[in-house]
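One-letter residues, chain by chain:
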Amino acid sequence: QAVLTQPPSVSGAPGQRVTISCAGSSSNIGAGYDIHWYLQLPGTAPKLLIYGNTNRPSGVPDRFSGSKSGTSASLAITGLQAEDEADYYCQSYDNSLSAWVFGGGTKLTVL
Amino acid sequence: QVQLQESGPGLVKPSETLSLTCTVSGYSITSGYYWGWIRQPPGKGLEWIGSLSHSGTTYYIPSLKSRVTISGVTSKNQFSLKLSSVTAADTAVYYCARADCSTTTCYNDYWGQGTLVTVSS
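Residue numbers (the numbering used here), protein chains in the order written: chain A, 1 to 111; chain B, 1 to 121.
Honestly, the hints are just simulated from the structure, not real lab data. Where hints are given, some of them may not hold.
[What the hints assert, rightly or not] Sample of chain B residues lacking proximity to chain A, with all beta carbon distances greater than 12 angstroms (derived):
(1) SER31
(2) SER55
(3) SER63
(4) LYS76
(5) ASN77
(6) GLN113
[Claimed, not checked] With a straight-line Cα cutoff of 16 angstroms, these simulated EDC-like cross-link-like pairs (lysine to aspartate or glutamate) come out:
(7) LYS44/B - ASP87/A
(8) LYS47/A - ASP90/B
(9) LYS47/A - GLU16/B
(10) LYS47/A - GLU47/B
(11) LYS44/B - ASP109/B
Backbone N, C-alpha and C fix where the C-beta goes; we use that ideal spot for every residue, glycine too.
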């Protein structure tokens, strides 16, 4: 059971907007620790998508955006493309576990 | 360009010690950042194992702390992972990664390609 809770799957048609939620608690997101998001294509290493809640590394399209509020965070993807089909993970720090923790991951399917 | 590459045995027997090395190019591990290991059991999610700071301080996930050692070989710009008394539950793809850390945050900006380690007799 992951400390950060993500929906197992989400889907959307090309061109649509989808959001992926990441629910935490007062010992991680609610404690003020930043949220980061990673994208993982099948058989490859995760790739940093969003860091520090809302920041995009160089090269990541502005179709990807992150937000954080209270004890939860969200990743939004607009203008969905077939190449966005992947697993997405959120990450933060948990002070009750004294560990960096990941969400369970969300599989995005582009219909 | 920063690159990381994992190396080590792909098969380890139960109760033995898993040993992996991460070779870093494009940046000196003693110049900054944190250098860590993350694993992913087949078909499952990611789990942070531990990290080594550029100054040599180590941080481990409490659930594995008694079995894990992460250390650096600065002359070769490498860092290593040792996980003792392994069981089938330790079967996973092991990634090494660089982490950019501050007071309230730590994110992994560069990753190795990952190496599958299977624990089996």
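Which numbered hints turn out to be false for this structure? 3, 6, 8, 9 and 11
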